[in-house]
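Student: Chains as they are written, first to last, in my numbering: chain A, 14 to 494; chain B, 180 to 624.
For the record, the hints were derived by calculation from the structure and aren't laboratory data. None of these values were measured; they are calculated from a predicted model. Please note that a few of the clues may not be correct.
Capping the alpha-carbon separation at 27 Å, the derived lysine-lysine pairs in DSS-like fashion look like this [stated by the list, open to error]:
| # | chain 1 | residue 1 | chain 2 | residue 2 |
| --- | --- | --- | --- | --- |
| 1 | B | Lys227 | A | Lys368 |
| 2 | B | Lys215 | A | Lys84 |
| 3 | A | Lys84 | B | Lys212 |
| 4 | B | Lys544 | A | Lys454 |
| 5 | A | Lys334 | B | Lys227 |
| 6 | B | Lys212 | A | Lys359 |
| 7 | A | Lys454 | A | Lys290 |
Some chain A residues well away from chain B (every beta-carbon gap over 10 Å; in silico) [unchecked claim]:
| # | residue |
| --- | --- |
| 8 | Trp54 |
| 9 | Leu408 |
| 10 | Arg450 |
Pulled from the structure, derived: some chain A residues nowhere near chain B, Cβ distances all over 12 Å [to be verified]:
| # | residue |
| --- | --- |
| 11 | Phe52 |
| 12 | Leu177 |
| 13 | Asn191 |
| 14 | Lys293 |
C-beta atoms are modelled at their ideal positions from N, C-alpha and C, and glycine is treated no differently.
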Amino acid sequence: MAENDILKEITEQEYKYGFVSLIEQEYAPKGLNEDIIRFIWEKKQEPPFMLEWRLKAYRYWKTMKEPRWAKVHYPPIDYQDIHYYAAPKSFKEKPKSLDEVDPEILRTFEKLGIPLRERERLAGVAVDAVLDSVSVATTFKEKLEELGIIFCSISEAIRNHPDLVQKYLGSVVPYTDNFFAALNSAVFSDGSFVYVPKGVRCPMELSTYFRINASETGQFERTLIIADEGSYVSYLEGCTAPIRDENQLHAAVVELIALKDAEIKYSTVQNWYPGDKEGKGGIYNFVTKRGICLGENSKISWTQVETGSAITWKYPSCILKGDNSVGEFYSIAVTNNYQQADTGTKMIHLGKNTKSRIVSKGIAAGHSNNSYRGLVQISRKAEGARNFSQCDSLLLGDKCGAHTFPYIEVNNNNSIVEHEATTSKISDEILFYCNQRGISKEDAIGLIVNGFSREVLNQLPMEFAVEAQKLLAVSLEGSVG
Amino acid sequence: MNFIERVNKIFDDRFLNNGSSYLLDLRKRNLDKFNKIGLPTLKHEEWKYTNLAFLNDLDFNLLPFISSTEAVNALKNINFLNETECIVIPILNGVVEKHLGNFEDLITIAKFQEKIDEDGSNRLNLFNHFFEASNPFSYLNLALFNDGVYLSVKPNVELEFPIVLFYYYESEYTGLSNTLNLIEIPENVKADIIILFVNNSQEKVIANEMTNLHISKHANVELNFVQIDLKNMFLINNLNVISESESNFKTNVFSFNTNFVRNNINYDFNGEHSTTFLNGIYFVDDGNFVDNHTLVMHSKPHCMSDENFKGILDGNGRAVFNGKIYVARNAQKTNAYQSNKNLLLSNSARINTKPQLEIYADDVKCTHGATAGFLDQDMLFYIISRGISKEKAKSLLLNSFVSENLEKVGSNELRNYLKELVARKLHLEDIFFCSSIEELTKVSL
Numbered sequence: 014m015a016e017n018d019i020l021k022e023i024t025e026q027e028y029k030y031g032f033v034s035l036i037e038q039e040y041a042p043k044g045l046n047e048d049i050i051r052f053i054w055e056k057k058q059e060p061p062f063m064l065e066w067r068l069k070a071y072r073y074w075k076t077m078k079e080p081r082w083a084k085v086h087y088p089p090i091d092y093q094d095i096h097y098y099a100a101p102k103s104f105k106e107k108p109k110s111l112d113e114v115d116p117e118i119l120r121t122f123e124k125l126g127i128p129l130r131e132r133e134r135l136a137g138v139a140v141d142a143v144l145d146s147v148s149v150a151t152t153f154k155e156k157l158e159e160l161g162i163i164f165c166s167i168s169e170a171i172r173n174h175p176d177l178v179q180k181y182l183g184s185v186v187p188y189t190d191n192f193f194a195a196l197n198s199a200v201f202s203d204g205s206f207v208y209v210p211k212g213v214r215c216p217m218e219l220s221t222y223f224r225i226n227a228s229e230t231g232q233f234e235r236t237l238i239i240a241d242e243g244s245y246v247s248y249l250e251g252c253t254a255p256i257r258d259e260n261q262l263h264a265a266v267v268e269l270i271a272l273k274d275a276e277i278k279y280s281t282v283q284n285w286y287p288g289d290k291e292g293k294g295g296i297y298n299f300v301t302k303r304g305i306c307l308g309e310n311s312k313i314s315w316t317q318v319e320t321g322s323a324i325t326w327k328y329p330s331c332i333l334k335g336d337n338s339v340g341e342f343y344s345i346a347v348t349n350n351y352q353q354a355d356t357g358t359k360m361i362h363l364g365k366n367t368k369s370r371i372v373s374k375g376i377a378a379g380h381s382n383n384s385y386r387g388l389v390q391i392s393r394k395a396e397g398a399r400n401f402s403q404c405d406s407l408l409l410g411d412k413c414g415a416h417t418f419p420y421i422e423v424n425n426n427n428s429i430v431e432h433e434a435t436t437s438k439i440s441d442e443i444l445f446y447c448n449q450r451g452i453s454k455e456d457a458i459g460l461i462v463n464g465f466s467r468e469v470l471n472q473l474p475m476e477f478a479v480e481a482q483k484l485l486a487v488s489l490e491g492s493v494g
Numbered sequence: 180m181n182f183i184e185r186v187n188k189i190f191d192d193r194f195l196n197n198g199s200s201y202l203l204d205l206r207k208r209n210l211d212k213f214n215k216i217g218l219p220t221l222k223h224e225e226w227k228y229t230n231l232a233f234l235n236d237l238d239f240n241l242l243p244f245i246s247s248t249e250a251v252n253a254l255k256n257i258n259f260l261n262e263t264e265c266i267v268i269p270i271l272n273g274v275v276e277k278h279l280g281n282f283e284d285l286i287t288i289a290k291f292q293e294k295i296d297e298d299g300s301n302r303l304n305l306f307n308h309f310f311e312a313s314n315p316f317s318y319l320n321l322a323l324f325n326d327g328v329y330l331s332v333k334p335n336v337e338l339e340f341p342i343v344l345f346y347y348y349e350s351e352y353t354g355l356s357n358t359l360n361l362i363e364i365p366e367n368v369k370a371d372i373i374i375l376f377v378n379n380s381q382e383k384v385i386a387n388e389m390t391n392l393h394i395s396k397h398a399n400v401e402l403n404f405v406q407i408d409l410k411n412m413f414l415i416n417n418l419n420v421i422s423e424s425e426s427n428f429k430t431n432v433f434s435f436n437t438n439f440v441r442n443n444i445n446y447d448f449n450g451e452h453s454t455t456f457l458n459g460i461y462f463v464d465d466g467n468f469v470d471n472h473t474l475v476m477h478s479k480p481h482c483m484s485d486e487n488f489k490g491i492l493d494g495n496g497r498a499v500f501n502g503k504i505y506v507a508r509n510a511q512k513t514n515a516y517q518s519n520k521n522l523l524l525s526n527s528a529r530i531n532t533k534p535q536l537e538i539y540a541d542d543v544k545c546t547h548g549a550t551a552g553f554l555d556q557d558m559l560f561y562i563i564s565r566g567i568s569k570e571k572a573k574s575l576l577l578n579s580f581v582s583e584n585l586e587k588v589g590s591n592e593l594r595n596y597l598k599e600l601v602a603r604k605l606h607l608e609d610i611f612f613c614s615s616i617e618e619l620t621k622v623s624l
């Protein structure tokens with residue numbers, strides 16, 4: 014196939030999840046003011062401390078300016094032109110069991126490959142499905158409860174476990190943290206909540222599936238995961254949205270807290286609608302994700318596969334506070350057409366003998382721009398800290414860009430920090446080598462991209478690795494170096 | 180009065196009714212730009228790790244005129260200059276003196292002001308894209324420059340001796356210096372330039388010096404910056420280089436024990452098949468600060484750049500490295516390499532490094548690497564187990580760490596001078612350095 018044809022083929026790949034479900038929706042009026050926040054608070058039936066917290070965040074947000082330092086370009090967002098709350102009408106109250114869920118909603122998730130019922134039978138993954146502003150179903154709740162694990166939507170957690178929420182909500186990402194975190198704190202409507210008690214190893218993968226359905230809405234979800242001493246949990250997150258010409262805002266906040274000897278593994282396969290091939294439409298994915306290793310020997314591991322969104326702006330970070338704690342960040346970011354990604358991580362070493370590892374793989378095609386931006390900070394007291402960072406970029410086509418902005422700050426003399434980065438295209442030599450052995454150009458590129466991203470894909474839980482691999486193949490099929 | 184107000188006062192007092200209308204216009208335009216941006220704070224991305232707030236507390240004026248006798252004495256102390264034939268252009272407190280040495284048939288040396296609008300077009304226009312908001316000190320320099328060197332060489336000449344720009348400062352009050360140099364290297368020229376800074380001032384000196392270098396086709400230029408023991412001095416050293424096709428450029432930056440140095444090194448490929456090497460060594464100890472900011476712009480295809488900075492940090496010394504490689508959309512077949520390695524010897528030393536790639540072309544090979552660490556204990560043990568003291572073993576390792584970049588200096592005299600300096604710093608005076616294999620075999624015989 015001629016190069017042009019192959020390139021055409023990738024840029025014309027259809028977005029599979031772009032359908033809209035016809036569900037009767039209930040909206041909050043457009044715009045943002047204190048009444049809207051009260052409206053959300055009332056809808057959610059939250060305790061009074063939440064209203065206070067939300068209003069504080071909103072008032073702080075009003076004093077802030079939208080940040081412009083990232084290497085992304087987009088027209089100004091009108092924050093008054095968004096519905097901050099949208100929910101299926103049938104949802105006066107969250108259904109007790111799947112039988113009560115609107116069949117249209119079930120069909121929606123089935124179409125997305127998340128058949129809630131089937132999952133229940135297959136056992137293995139517990140799912141919390143979030144549609145627009147509300148959580149529609151959480152599976153396997155009872156089974157998890159037997160072990161003392163709390164897995165529910167954050168609204169339920171606020172109502173049923175206010176002590177835990179009040180203690181930890183905003184402890185890692187305070188509402189003063191940044192513009193989008195403040196906005197999220199004011200208006201967040203749903204998300205997942207996980208609490209794993211002392212010494213419990215969560216027997217199955219916990220998963221949340223986010224779906225934007227309504228138009229002219231923003232999705233502001235909030236996830237809070239607490240792993241108590243000696244516990245382990247693996248959490249997955251997936252997301253899709255319909256094809257629309259407008260840009261929709263998605264500003265989430267994720268907070269992870271790992272106490273002594275605990276381990277949290279957080280994986281994301283992000284596949285929001287990326288916009289069409291002229292760069293029209295798509296989701297603005299402005300997300301704040303941060304975890305704190307509070308106790309000794311704790312570990313937080315972030316894995317992300319970023320293929321969707323018109324703009325991705327996201328830095329899953331680790332604060333390594335406990336001695337001997339470990340932070341990991343594995344990322345594949347794929348951009349095509351006019352997508353822009355500015356993603357990376359922050360590793361803040363505070364405790365002694367803390368270790369971190371960053372593996373970031375960027376793949377840019379079409380007219381897209383793909384940036385890695387990361388910070389490794391070793392504080393004076395973080396004796397014996399160790400960091401290794403590697404960020405590789407692969408360029409497919411001559412109209413895209415790949416950039417790296419690593420910040421390294423070392424404040425003591427017994428830590429080792431290493432950073433390396435490479436940028437290249439798929440070399441003709443490698444392609445020729447494969448061709449020579451009877452592998453077509455198409456397959457060879459698949460092979461090379463797969464090899465390029467293997468290190469990260471290997472970190473994903475089995476259930477997701479398959480999906481991610483397929484996603485990569487779809488995003489990059491027929492790429493030419 | 181803060182820094183900006185003082186700068187404006189100096190401008191009103193000293194430059195407003197002075198010089199040609201052309202110059203006045205240039206100065207005014209740039210002063211406006213500088214006023215608009217102001218003194219960079221830690222919120223400016225390019226000055227994130229470099230705190231300039233102290234400049235607001237300094238009461239300063241332009242440096243006084245001084246006679247050359249002191250400078251000539253200072254020159255005698257720099258032994259490599261005595262050992263070799265060279266041409267020295269002293270710049271005393273920012274004022275260019277008549278040069279020492281006689282090679283007038285090959286080289287044109289003039290005052291920059293006389294050349295700037297000589298043929299109706301501003302020769303600086305070529306460099307305009309380097310004078311930008313990220314470095315307001317370039318505006319300050321263009322607004323307040325007092326004097327400067329214009330240097331050119333006859334085409335097709337291979338200079339056998341180095342040209343030395345000798346910056347010498349001496350003042351009894353806190354002073355500011357802005358020197359603006361333009362060096363034009365024509366085709367097929369081979370030239371070796373050394374820019375040397377010596378501060379003999381009791382009071383603080385703020386030096387904001389700028390050199391613009393244009394390298395024509397097939398030319399081969401090496402430029403060495405020697406910044407050694409600069410106490411009481413805040414040096415902002417700006418170098419802007421544009422090279423045409425098939426040229427070679429090499430720059431080495433040596434900053435040993437400097438109170439405050441910021442090197443802004445900008446390089447732009449304006450022709451194909453050119454190469455450039457940027458190397459540097461910095462030593463920082465108590466109260467020292469070095470900030471190396473480099474930008475390599477691959478605007479044209481088929482070029483190669485290789486950057487290598489190494490630093491040793493002791494005491495509460497601080498160093499900053501920010502290296503940016505920019506590859507333009509059409510600059511295919513670019514090879515760009517960058518490395519920054521740091522050894523921290525003390526627990527209060529600090530390093531901030533930011534190697535940065537911005538790449539818009541696909542057929543390129545670009546890598547960067549940065550490390551920060553301490554001396555390898557295994558290596559240390561290996562040497563100690565062979566009967567060498569721990570202190571000596573450390574020195575040997577440090578010496579081998581930096582010698583990679585020392586060896587890259589072209590001039591024998593300068594290289595040996597720097598090696599001696601490094602040896603003295605590391606207390607290795609009694610170890611014999613062999614510059615070649617032959618010498619080594621002679622010794623063992």
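Student: For every hint, state whether the structure bears it out.
Tutor: Structure-based check of each hint:
no.: 1; hint: Lys227/B x Lys368/A; in the structure: holds, 26 Å
no.: 2; hint: Lys215/B x Lys84/A; in the structure: holds, 24 Å
no.: 3; hint: Lys84/A x Lys212/B; in the structure: holds, 25 Å
no.: 4; hint: Lys544/B x Lys454/A; in the structure: holds, 22 Å
no.: 5; hint: Lys334/A x Lys227/B; in the structure: holds, 25 Å
no.: 6; hint: Lys212/B x Lys359/A; in the structure: violated, 35 Å
no.: 7; hint: Lys454/A x Lys290/A; in the structure: holds, 24 Å
no.: 8; hint: Trp54; in the structure: holds, 35 Å
no.: 9; hint: Leu408; in the structure: violated, 4 Å
no.: 10; hint: Arg450; in the structure: holds, 24 Å
no.: 11; hint: Phe52; in the structure: holds, 37 Å
no.: 12; hint: Leu177; in the structure: holds, 38 Å
no.: 13; hint: Asn191; in the structure: holds, 15 Å
no.: 14; hint: Lys293; in the structure: holds, 23 Å
Figure legend: structure checked against the earlier numbered hints; hints not met, in rising order: 6, 9.
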